[in-house]
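Undergrad: Residues per chain, in single letters:
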Amino acid sequence: MRFSYPVVIAAALVVGAGVAQAHHSFSAMYDATKPVRLVGKLSKVEWTNPHSYFYLDVKSTDGKVTTWACEGAGPGALSRRGFNKTDIKVGDTLIVDGYLAKSGGKIIDARRVTLPNGRVVSGGTPGDGGPQDSVPTKPAPKP
Amino acid sequence: MTLVQQLYDSPLATAIRESDNLFPILQTFHILGTIGLAGTIAVVDLRLLNVAFRREAPAAVAESLLPVTWVGFAIMAISGGLLFAAQSAKIYGNVFLRAKLLLLALAIANVVLFHSTTYRNIRAWGGEVSPATAARVFALLSLLLWSAVIVTGRFIAYF
Amino acid sequence: MIEAIFMWLGRTSVGTALQQSTAGFAATEALHILALSVVGGSILVANLTVLGRVLKTTAPETVFRQLQPFYRGALVLVAISGMMLVAAGPYKYYTNPLFPLKLGLLVVAVTLHAILSRRLNTQSVARRLAIASLVVWTSVVITGRWLGLI
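Protein chains in written order, with this note's numbering: chain A, 1113 to 1255; chain B, 568 to 726; chain C, 181 to 330.
Simulated from the structure, these hints should not be mistaken for laboratory data.
Quick reminder that beta carbons are idealized off the backbone N, C-alpha and C, glycines included.
Treat the hints loosely; a few may be bogus.
Here chain C is said to cover these stretches of chain B; the calculated rule only asks that three of the stretch's residues, wherever they fall, bring their Cβ under 8 Å from a Cβ of chain C [claimed, not checked]:
no. : region
1   : 593 to 599
2   : 613 to 625
3   : 714 to 723
So that you can see chain A by itself, here it is in the shape it has in the complex (with noise of 0.2 Å):
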């Protein structure tokens, strides 16, 4: 099944409480007005410090792939709520949900990811107030 991308959910369901939240450099880097949800197989994963990096090739519904880079927090952070570097490998299918990062490029910060097993990890710093934000819940639904 394709995914059109990025789906934009509406900020309604995704960012909740309406007031602009922000976590560190947040706000500053990314648009909290923009939800972005990818869809793509896992190309390249830099599980590094300061950040961490996952690249998903994204297909488009007239079959175009484009890749995008999800900025996470560093592998530290990560591993503390439970994302760890072998949950993941190249060719897997994630799920990234996020922001779009105002400097306009084709990067989110990676906020949710639905691991190819369905369990949601959180890929950034918690009590952004955005969705599911630290800790990571049930499931996503099924596309």
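Please build the complex by placing chains B and C on the supplied structure of chain A, with the hints as guidance.
TA: Structure of chains B and C alone, referenced to chain A:
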């Protein structure tokens, strides 16, 4: 492969970059070292600008704080070097990183120049002496340059 | 009630301005670091004087008095820039357990320094307070750094 890329790919830099806690610990030492280095330098500069410790001989203040300044500098050199190595290929082109390194070189040159010229004279000065203009210029430059190093350093993460 | 204060901070003009501006946020953080370097430097030099490590020919009372205007001025800037940073992202600080810890440690640190300034004449007491002060102030800095990393 460029030197910067070789440094980035080295086992040590990679281990730091992919670590859970080592990188944040180095960042913590980097901020603590900033306080030790910049804090002690600032006190000496304030004396040279005749703004504080006016009754103390400038050389006495400087020499007394020098060991702490050196410890601060060692912490900064080691933590800074390791943090740079871990990110080198990614930040090498960053304009604020380049500005910071340039300002750091200027700040160090300012210290070296001061110590090899004007400082030699102030060793003879006792307390209640208003330092000569040259000393004040070095001190003001010192405060401005080290502050600029700190500010540009912080901006690296955002641009 | 506390949540309301945090949320109100986020709705101030300063808060919303910093939420929009990358440069503004970075500059505010840079100011916070510059100011805390002055505070930290003052604390370091003052306490090392009490411990007999630096400025041995100067009375501790003199060192404390000379550094006081810089310590106080910089502490005000630390507080103001700190509040601006919270205004740029209030929910993050409200829900982060390290934030109340940092503020609590800061209150203890400032109190210790104030007490120490009045007890400089009793060397044994002063030295213990100086060590405690260094430990607590260092903890404030460490907690501050790890706020964004947990």
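Undergrad: Taking the hints in turn, state whether each one holds.
TA: Taking the hints in turn, this is what the structure says about them:
no. : hint       : in the structure
1   : 593 to 599 : holds (count 4)
2   : 613 to 625 : holds (count 5)
3   : 714 to 723 : holds (count 5)
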